[in-house]
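Here's the letter readout for the chains.
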Amino acid sequence: MRIAAEELSWSVAGTPVVREVSADIAPGETVGLLGPNGSGKSSLLRCLAGLRAPGAGTVRYDGEDVRDWSARRIARHVAFAGQDPGADSDLRVADVVGLGRTPFRDRWRGPDATDRAVVGAALERLGLTALAGRSWKALSGGERQRAHIARALAQQPYALLLDEPTNHLDVKHQLELMRLLTRTDQTVLVALHDLSLAARYCDRLLLLHHGRLIASGTPAAVLTAERLAEVFEVDAELTTDALGHPAVTYRGPLGAPAPMSHPSP
Amino acid sequence: MSADPVARRGAVDLLLPAARERVVTEDSVAAPRSGRSAATRVLLFLLALGALAGSVATAVTIGTADVGWTGLARALGTRLGLGVEPLPPLVDSLIWDLRLPRVLMAALVGASLAVCGTVLQAVTRNALADPYLLGVSSGASTGAVAVVVLGVGASALGVTGGALAGALLSFGLLMLLLRRTGLDSSRIVLTGVVVGQLFTALTSLVLMASADADTTRAVTHWLLGSMAPARWNTVVVCAVVTPLGLLAAWLCSNALDGLAFGTDTAASLGIGVRRTRMLLLVVTAALTAVAVATVGAIGFVGLIVPHGVRFLAGPLHRVLLPYAALAGAVFLVWTDALARIAFAPREVPVGVITALLGVPLFLLVLRKRGEL
Chain A
1 MRIAAEELSW SVAGTPVVRE VSADIAPGET VGLLGPNGSG KSSLLRCLAG
51 LRAPGAGTVR YDGEDVRDWS ARRIARHVAF AGQDPGADSD LRVADVVGLG
101 RTPFRDRWRG PDATDRAVVG AALERLGLTA LAGRSWKALS GGERQRAHIA
151 RALAQQPYAL LLDEPTNHLD VKHQLELMRL LTRTDQTVLV ALHDLSLAAR
201 YCDRLLLLHH GRLIASGTPA AVLTAERLAE VFEVDAELTT DALGHPAVTY
251 RGPLGAPAPM SHPSP
Chain B
266 MSADPVARRG AVDLLLPAAR ERVVTEDSVA APRSGRSAAT RVLLFLLALG
316 ALAGSVATAV TIGTADVGWT GLARALGTRL GLGVEPLPPL VDSLIWDLRL
366 PRVLMAALVG ASLAVCGTVL QAVTRNALAD PYLLGVSSGA STGAVAVVVL
416 GVGASALGVT GGALAGALLS FGLLMLLLRR TGLDSSRIVL TGVVVGQLFT
466 ALTSLVLMAS ADADTTRAVT HWLLGSMAPA RWNTVVVCAV VTPLGLLAAW
516 LCSNALDGLA FGTDTAASLG IGVRRTRMLL LVVTAALTAV AVATVGAIGF
566 VGLIVPHGVR FLAGPLHRVL LPYAALAGAV FLVWTDALAR IAFAPREVPV
616 GVITALLGVP LFLLVLRKRG EL
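For the protein sequence lines, the chains are A and B, in the order given.
Going by our numbering, the residue at position 81 of the first sequence is 81; the numbering climbs one at a time, nothing skipped.
Add 265 to a position in the second sequence, counting from 1, and you land on the number used in our numbering.
Some hints could be false.
Stated by the list, open to error - Dumping the calculated SDA-like pairs for lysine to any residue here, alpha-carbon to alpha-carbon at most 20 Å:
| # | chain 1 | residue 1 | chain 2 | residue 2 |
| --- | --- | --- | --- | --- |
| 1 | B | Lys633 | B | Gly623 |
| 2 | A | Lys137 | B | Gly579 |
| 3 | A | Lys172 | A | Ser140 |
| 4 | A | Lys172 | B | Gly623 |
| 5 | A | Lys172 | B | Lys633 |
| 6 | A | Lys172 | A | Thr182 |
| 7 | B | Lys633 | A | Ala138 |
| 8 | A | Lys137 | B | Asp477 |
| 9 | A | Lys137 | B | Gly527 |
| 10 | B | Lys633 | A | Arg200 |
| 11 | A | Lys137 | B | Leu577 |
| 12 | B | Lys633 | A | Asp90 |
| 13 | A | Lys137 | B | Gly623 |
| 14 | A | Lys137 | B | Leu308 |
| 15 | A | Lys137 | B | Phe576 |
| 16 | B | Lys633 | A | Ser135 |
| 17 | A | Lys137 | B | His572 |
| 18 | A | Lys172 | A | Arg200 |
| 19 | A | Lys137 | B | Ala392 |
To be clear, the hints were calculated from the coordinates, so they are not data collected in a lab.
For reference, chain A alone in the conformation it holds in the complex (with noise of 0.2 Å):
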């Protein structure tokens, strides 16, 4: 599905969160969402999930106006998990996935096999089959999370929106979340702090300052030091790593003291 946001802005009491973004994203593309704190990444997202009614310009899933799509109209087609997973619920892990299921129930009724299934896919897919019947009180911070983007499958959606999704995650299970993501058929956008991760697995990124859209492109040509020093205050520089993926390596923050090692003359 492709998700194209025209002079998008959203401001929240009075002050002003996202400023006149334009961004188009194409189907099946996996597209990095980058930006320092409260540079609007979050508020963008949900703009774009359709959980937001923007201030001005227009949200479009495959060119049509997102205002004349119903709340469960949406949910069939774009999925959303935002950063904050906490909830002080007794369900169990395969019910609150099972919850990706509620836009094609009625609203009473309860699972049937289709989604068992699909529920059962999802587990699998981010490893929490064993998990399925602990209480969600039970789970860790990153567990709780793999369970919010097995929800988000479980909704076989046409794009998935994704707030931060690997910062509670080890470093086997942010790979492993990214190379989901990147395998995947689906519309991907994902809010990501780890700028080497965006760079290896993303095929293209957007880049948020001061809510608005400064740059978009392929890794290489948007993380460049100049950049990186202007919005996330950073001097740093983008390398290859051993593997021959590009990364990010940082000297330090801007503005700092100079290190202990180099006394000023």
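Mind docking chain B on chain A? Use the hints.
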């Protein structure tokens, strides 16, 4: 976009939208199932329903005057036009006009309060939520006290009408304060508490300023909650409103499960979050108002029954809500029976008994769940 699509997955990838059209058979994937089969669940529910019917019938025979099973059978038989020997008018009146409506009222109110508690705990994401959280019961109290003490429209309305008017007034104020908000969990709780406090203060003001000792005593009895005022006319109102409210809440089961994970997650599942919360607030307020108007604010049922039933039936609302309704009904039928005979011939307000029994039960449940 990388890797060859054929090599990387099997015949059908269930997680892709294309798989939706395929018929998936149950044995094609090892899928987790909820514990019991459909037949077992229906049987369990029928058993619970039977337990409620048994409780109601038994509770009718319990009281200061012993009427027994045959008495109940004869009273019912006479009403149904069966050829049974009629009871003496006084006993017949005791069973038919006093005890039967009272026990049925206890069942209806118990079911209402338990379901309201369950729903509000999910909507506000607050384990301490109970039906009185919205301040509706405080409004009802103010209305009732105004009628009794000040004699405002006493003849036309009566205590029940005054309480209903007060409940609607407080709920109207609540909705007025919540208008144009997203109905977030914490805002509902805070606004409900504020409205409740206001009407509690108004009740105290009216009582202290105008009531004599006898009136205060009578009003206190009502404020603590008692089944004694239940008659057929109030039972009929409850019997119409309660099933409708319970059905409306049950139809929101899937949405209630989703709401536990917050507004964004629920909305991303296609749940109309604000509309669902609004509907559920109106439903719980109506159920609470009708219950409180007749029998006062009976405490603790709406708090402990949801927790106890969640412990037994699991947290999925589709299953939880019906069992909460049944458990609430059975619990209040028995506590009311106890309230009638524990200190006979003097009757204790049932709200006192529910709290006395409720506190240890609540502690037991919390301990079993490892939360205490």
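Results of checking the hints against the structure:
With a C-alpha separation of about 15 Å, the suggested pairing of Lys633 (chain B) with Gly623 (chain B) holds against the 20 Å cut-off. Restraint check for Lys137 (chain A) and Gly579 (chain B): satisfied, since their Cα atoms lie roughly 13 Å apart, inside the 20 Å limit. Using a Cα cut-off of 20 Å, the hinted pair Lys172 (chain A) and Ser140 (chain A) holds, with the two alpha carbons roughly 15 Å apart. Between the alpha carbons of Lys172 (chain A) and Gly623 (chain B) the distance comes to roughly 48 Å, so the proposed pair goes past 20 Å and is violated.
Our distance criterion of 20 Å between C-alpha atoms is broken by Lys172 (chain A) and Lys633 (chain B), whose separation comes to about 36 Å. Using a Cα cut-off of 20 Å, the hinted pair Lys172 (chain A) and Thr182 (chain A) holds, with the two alpha carbons roughly 16 Å apart. The suggested pairing of Lys633 (chain B) with Ala138 (chain A) holds, with an alpha-carbon distance near 15 Å, which does not exceed 20 Å. Distance restraint check for Lys137 (chain A) and Asp477 (chain B): the Cα-Cα separation of roughly 53 Å exceeds the 20 Å cut-off, and the hinted pair is therefore not satisfied.
With a C-alpha separation of about 15 Å, the suggested pairing of Lys137 (chain A) with Gly527 (chain B) holds against the 20 Å cut-off. Restraint check for Lys633 (chain B) and Arg200 (chain A): the C-alpha separation of about 48 Å exceeds 20 Å, so the hint is violated. The hinted pair formed by Lys137 (chain A) and Leu577 (chain B) meets the criterion: a straight-line CA distance of about 17 Å does not exceed 20 Å. Of the pairs offered as hints, the one joining Lys633 (chain B) and Asp90 (chain A) holds, with about 14 Å between alpha carbons and a cut-off of 20 Å not exceeded.
Distance hint between Lys137 (chain A) and Gly623 (chain B) is unfulfilled; the C-alpha atoms sit about 25 Å from each other, more than 20 Å. With a CA separation close to 30 Å, the supplied pair Lys137 (chain A) and Leu308 (chain B) exceeds the 20 Å bound. Distance restraint check for Lys137 (chain A) and Phe576 (chain B): the Cα-Cα separation of roughly 14 Å lies within the 20 Å cut-off, and the hinted pair is therefore satisfied. Restraint check: the Cα-Cα separation between Lys633 (chain B) and Ser135 (chain A) comes to about 15 Å, which is no more than 20 Å; the hinted pair holds.
Restraint check for Lys137 (chain A) and His572 (chain B): the C-alpha separation of about 16 Å stays at or below 20 Å, so the hint holds. With a C-alpha separation of about 15 Å, the suggested pairing of Lys172 (chain A) with Arg200 (chain A) holds against the 20 Å cut-off. Distance hint between Lys137 (chain A) and Ala392 (chain B) is fulfilled; the C-alpha atoms sit about 14 Å from each other, no more than 20 Å.
Comparing the model with each earlier hint shows violations of hints 4, 5, 8, 10, 13 and 14; every other hint is respected.
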